[in-house]
Structures are given as structure tokens and as C-alpha cells.
Amino acid sequence: MSSKEKGWKEISIAGVCSKSSVGFMTGDWKTYMPVRDLEKCTTCLTCVMLCPEGAIKWRPEMGKIEFDFSFCKGCGICANECPTKAIAMKLPEE
Amino acid sequence: MTTTQEWKFTAKDIAAKPDLFLSGHRACAGCGPAGVLRLIMKATRGPTIVTEATGCMEVVSSIYPYTSWALPWLHTAFETAAANAAGIDAALKAMRRKGKAKQHIDIIALAGDGGTYDIGLQALSGAVERGHDFLFVLYDNEGYMNTGIQRSGGTPIGAATTTTPAGKVIPGKIEKKKPITEIMLAHEMEYVATATPYYWKDMLTKVRKGLEVEGPAFLHVFAPCPRGWRSEPAKTMEYAKLAVESCVFPVWEAINGKRQLSIPSKLIALAPQKKKPVKDYLAGQGRFRHLFTPQNKHVLDEIQRLTDERWQRLLQKCESSV
Ligand code: SF4
Ligand code: SF4
Numbered sequence: 001m002s003s004k005e006k007g008w009k010e011i012s013i014a015g016v017c018s019k020s021s022v023g024f025m026t027g028d029w030k031t032y033m034p035v036r037d038l039e040k041c042t043t044c045l046t047c048v049m050l051c052p053e054g055a056i057k058w059r060p061e062m063g064k065i066e067f068d069f070s071f072c073k074g075c076g077i078c079a080n081e082c083p084t085k086a087i088a089m090k091l092p093e094e
Numbered sequence: 001m002t003t004t005q006e007w008k009f010t011a012k013d014i015a016a017k018p019d020l021f022l023s024g025h026r027a028c029a030g031c032g033p034a035g036v037l038r039l040i041m042k043a044t045r046g047p048t049i050v051t052e053a054t055g056c057m058e059v060v061s062s063i064y065p066y067t068s069w070a071l072p073w074l075h076t077a078f079e080t081a082a083a084n085a086a087g088i089d090a091a092l093k094a095m096r097r098k099g100k101a102k103q104h105i106d107i108i109a110l111a112g113d114g115g116t117y118d119i120g121l122q123a124l125s126g127a128v129e130r131g132h133d134f135l136f137v138l139y140d141n142e143g144y145m146n147t148g149i150q151r152s153g154g155t156p157i158g159a160a161t162t163t164t165p166a167g168k169v170i171p172g173k174i175e176k177k178k179p180i181t182e183i184m185l186a187h188e189m190e191y192v193a194t195a196t197p198y199y200w201k202d203m204l205t206k207v208r209k210g211l212e213v214e215g216p217a218f219l220h221v222f223a224p225c226p227r228g229w230r231s232e233p234a235k236t237m238e239y240a241k242l243a244v245e246s247c248v249f250p251v252w253e254a255i256n257g258k259r260q261l262s263i264p265s266k267l268i269a270l271a272p273q274k275k276k277p278v279k280d281y282l283a284g285q286g287r288f289r290h291l292f293t294p295q296n297k298h299v300l301d302e303i304q305r306l307t308d309e310r311w312q313r314l315l316q317k318c319e320s321s322v
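Residue numbers (the working numbering), protein chains in the order written: chain D, 1 to 94; chain L, 1 to 322.
Hints are computed from structural coordinates only; laboratory data are not their basis.
C-beta: ideal position from N, C-alpha, C; glycine also.
Some hints here could point you the wrong way.
[What the hints assert, rightly or not] Restraint-style ranges between C-beta atoms, simulated for each label pair:
id : chain 1 : residue 1 : chain 2 : residue 2 : range
1  : D       : A14       : L       : Q316      : 49 to 57 Å
2  : L       : K12       : D       : E10       : 25 to 33 Å
3  : D       : G63       : L       : P72       : 45 to 53 Å
4  : D       : K85       : L       : H104      : 41 to 49 Å
5  : D       : V35       : L       : A271      : 20 to 28 Å
Extracted from the complex, chain L is given alone in its bound form:
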């Protein structure tokens, strides 16, 4: 990383900065990903190009002839967020070489869980391996919501979707959520982090750090979806907080492979009695409603066990990397 400067984003500075992701987008009321995009664009440091995979946020922000982007923005196909970023990076390098571009331009690639975990994974892996200079932001709403709430590699175990409906045959999705950040860390990237919009200051700092890296950086943002999760729109940010408090989605960052818990999760590691049971997070979300019946109690127990296991493993990894 070029600088170790800690960013002090204050609420007043951020609030006064004009939006780059504009009002008038057609995301559902209470949309987590829309909140995420609006906020992360406030952490940009100068000229920026955004490219986006197909997904909810691509659709809602580019309904012809309207655009919600106050900066250059490119969409091609579902699997191509990272491939686009690689192409933009190569083009900018060529333009600089020929003297046609002088200043530095940041590149942000955005994709949902479908465009990252599943469809966009090989393009992402390739672009990272080739060392292109871009920040990839995954806004994870845990399913293909825009096409009608189908399961993705990011959908957690036990969640009901239209392709994993809870009923007599299965209690929602049977498979576990793919550990995507571990996969990205295994690429030996300079910067990998997780964040949630509820802790917006932490998230913005991570976006800025990711942009400062000369090379690829990856940020996994947890983005509740009231439509797909069948949850109350008003509770979107509350779930983004409960996910951290229950350790379902711990926040951390890894600089050159050295992993460290970020403050909201560190506080729980220091005072384990503050860790909330997963049912506090699951209750109220319609996609987990079936888990609160006697015949599915074992699934609920399994989710708690898996969450604890992943949390313990994360604690060990943070300890062993200092």
C-alpha cells in the first residue's frame, strides 16, 4: 500500500459530499445494496470509472434513458465486471504510455453475489492474478434477487429461495455459503476486507484503502435485501448490524495476508458475552421463518454450530497472522 494513513471520514464531510450514485434509482424501498453503493461512492478520491456486472444494482441504476451514475460507468455482461475492469486498466495504461492520459484514474468493479461467487468468479480470479489495478466490491444480498430470488453460491444454509423452497422435502438451502473472501485471500492479494453499511465509517475506510492499493483489492460488503429476505424494509440496516453482532458476518481486513478484526467484531472477540445468538439475526426474516418450527430445530442448531465454528477459525487466523 502506498500510504498507511488512516482515513478519518466524518459524518459531516461525507454528508456534504455530493452523491455519485444518484437519487431516482429504482431499487426497492429499503434496499441494502443501494445504500451500500451510495455510501461507497463517497469514499472515492478523484477521477473514477465504475463497471458493473449484471444484477439488481445494474438494472435499477440504468433504466433507459436514465442513469443514476454521476461518473463514467460501464456494463457489458453478467460475468464481466472484473474483465471490464481489466480492460479499462489496460486501456488507461496504453493511453498513459502514449501520453493521452495524464492523471491517475481509479477503477471500481461492482457485482452482486451472483456476479461474484458464481458467474463472475473466473473473470475475477484471472484479473486478480494478472495484477490489474482495480477495487472489486461485492455487494452480497445472498441470492439472485433481481430475477426472482433464486439461490446463489452466497445464499446461506437454511434460507428459502424460489429454487430452494422450504417444505416437506428440504428445509431451505442445504448447502453452506461459499467462503468467497477466503478464496480471494488465497490469491495472495494485497488487500481483502469485509464490511457492512451499518458500520459505514469502517466500510468507507476500507473502500479508500482498497483504492490506494496499486493492484487488485477485494471488498466483501454485506447488503440485506428486504424483498429477497422477506424482511421489513425498515430493518435493513439493523440486519447489517445483527449479522456482525451474531458473528454471522464478522468484519475484518487483511493487508498483505495479515488478518485483523475490525473494531465492531474485535469488541465481540474481547467480550464474548456480547456475541448474540444467530436466532436473533434469523428471526424476522421470512426466508428463515420455517426454521422456527420443531421439525427444523436441527437446522437452526446447525446454523449456530457452523457460525461458531467459522468465528473460532477466524479468531485463530487473526491470531496466527499477527
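With the rest of the complex left out, here is chain D:
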């Protein structure tokens, strides 16, 4: 955001959302964060499928999954659904 207000010619047409929401970080909403035990993870990708935020990424080139904490809202779905109980929800300071 610039400090100077925009003139009417500079703003987009009313009703047109022009910016991608990936520029809006929702990660700071969370209280608990998912912590994964790499030993237990079988990369079944259940968590990747069921995360409503798209905050768990599958990295085929590395053969592993990665959490994107800039979007994770800390809902705990991944921890609840992981079949091997590889994810625990923890407070950031833990």
C-alpha cells in the first residue's frame, strides 16, 4: 500500500478483483501449528488433499511434502486425518 491515495483513474473498475489472494497471508491467524515427524510420514498425501488452505505442498522432485506457514491457519485437519499420526499441533514456542 502506498501512503498516497490513488486517483479514480488509477484504481481498477468497480467490482473487479485484480490481485491474487496469494498476496494475502493468512498464516498469522493460527494459534497452533502443525509439526510433522518425518520418521512417521509415509508421504501418502492425505494431508495435502484435505488441507483447505493448500498450505501443504507436494514436492515430487524431492519426494516430500512441505508446509507453507504463510497460509496455514492452524485448523488441525492434517493432524486429525494423518493415518500414521505423523502430525502434532503445537504452540510455536513448544
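Let chain D serve as the given structure and place chain L with the ligands on it in line with the hints.
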């Protein structure tokens, strides 16, 4: 349907496909509908236009100036998801006729239960009757959650909402959930199905089948809402599973009126001892908390009876249509 090909969506393929419903949307933590939208957009097969009724998912994905849609997306008013889809379809046909558009473009209309069961029903019925080529996806979180948890035609009996508060006068909503899929089936559509995000592979296959139909198709997706259901956000997908296991929300599909249970529900039909009591599904949801008191036991019994009755009727319908 143009092809009878069975889609084999594998977890790795789906996970590697970039999201079309993007991160940064402002749905509550643990939102079922957001999970549904992110997943169903992975089943698209090419250029697609999405139109959406007013509702939670419209609001959270289009807060000015941000959009969570990586494809063309249109919102006009609450009742117009299907009317928009009809207009887009008519425009695309005209453009093709004039040689301005060459390739096929899929149209997905999205609406919540408010925008389908209640406010959007006549537009939907009309667009289906006129045979427009689109897939209508209903994400059913069983109430008007975005405006403050009011009852809708999709709210089940016994659920407490702000307009059906449980107390001395009523034990939550008194009326039953409207059988919307039966209403859509009665339109003699080529493809009608129900799904839940927990069984994501089944859901994605159904989205793809619905897109392949040349004409209208309808998909009813069960989408738990932690805010409105007063349930734990972490349990969202668990409820999407328990609803199937208790037969509160069986999954099936009907191709040209021929109805068939999908695998998760078929397994229960084959082994009825696996069917869970509805209280396993209701317990833990704050909107049903009042049902677990002695004076409301009759409501709990009534929900079990209704669920069993609908399940038996569904089994008969599946049998008689083979
Ligand atoms: S659900 Fe669990 S085992 Fe599967 S990929 Fe995620 S963390 Fe790993
Ligand atoms: S806690 Fe919720 S938002 Fe965060 S990664 Fe797990 S499922 Fe996604």
C-alpha cells in the same frame, strides 16, 4: 455421456496440479467448503469459467482487491448461479456460431445450500430444463453461515441455528432437510451425484463426469462448517466421513436416472453392521448438543428413524433402477 472412461485421479497427480482456488482466501480455519472448492477445481479438464452465488465462498474468495480464483470467475447476485451459467453458455454458443470462440469451455456454477435449496432454486430448475451445458456444484454446509448461522432448507432437523434456537420452545429446527437431489433427479438430468470431500477421489471423479455431460449436471457435496456447526475445526473432514458412515449423507450417483451407491456407501449396504448410529455423527457438534438431554431424547430417536427410513428408501431406489 460422451465417454464411459473411469477417471483414475491419483493423490500424486492431484497434489502436483497447481491450485485454481488459491491460498490466501479468508475462510475460517478448518472450513469444509473451502476444502471442497480447492479439491473440485483439481478435476477440471481444460478452460473453465466459474460462476458463484452469494455465499461464504463467494465472500471469502473475492474480498476487494483480492481474488482467490486463478481462472475467470463471475458473481452477480444470490439467486443467480444457474442463471449466470445459462448466460455464459448462451454467450459461448453465440461466439462459437460467429467463429469467435473455437475451443470448448466448461462452466461450473457454485452455490451453497442457501443459493441452491432456497434462493437459487427457480433459476437452477429453469437452467436445467432449458438444457444448458454446465455443472452445478452445491456445497452444503446446512445453513446461512456467512450472515450469522440462520436456518436454510438444507438445515437438518434438530439443528440449532440463530433462527431455530434450541430452548424451551423448540428443540432446534423442527422441519426436515429438503431432499434436493431427489428434486434435481426429477428433472430427468443425465448426471446427478452426491459426494463428500473426505472421499476426495470419488468426489473428483464425479466432478469430471459432471463436466463431461453435454448438458446440465448436478453434484451435491457435503461440506461441514466448524463455525456454524459449532464443531472443532480439526474434525471437519472427520464429520464428512461420519456422515457417510452413519448414512446421514450417503454417496451415490445417477446416470440417466440409473442410481448406484458409490463405494463408501456400498460397503455399508453390503455389511450393515458397519453402519454407525447417528449419535456418533451428531455428538461433538455444538448445534446438536441439546439433543443429548433426557427431554430431547425423542428428537434424537426421530433423527435416527428418519435417517434409517431415507437410507432404506435409497437402497430400494438403487435396486429398482438396475
Ligand atoms: S497424511 Fe501424514 S503420512 Fe500422509 S503425507 Fe501427510 S504427514 Fe505424511
Ligand atoms: S493445520 Fe490446517 S491449514 Fe495448517 S496445514 Fe494443517 S490442514 Fe492446512
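Hint check results:
1. D:A14 <-> L:Q316: 49 to 57 Å: 53 Å, holds
2. L:K12 <-> D:E10: 25 to 33 Å: 44 Å Cβ-Cβ, so the 25 to 33 Å window is violated.
3. D:G63 <-> L:P72: 45 to 53 Å: 35 Å, violated
4. D:K85 <-> L:H104: 41 to 49 Å: Roughly 45 Å apart at Cβ, these two residues keep to the hinted range, so it holds.
5. D:V35 <-> L:A271: 20 to 28 Å: Roughly 37 Å apart at Cβ, these two residues miss the hinted range, so it is violated.
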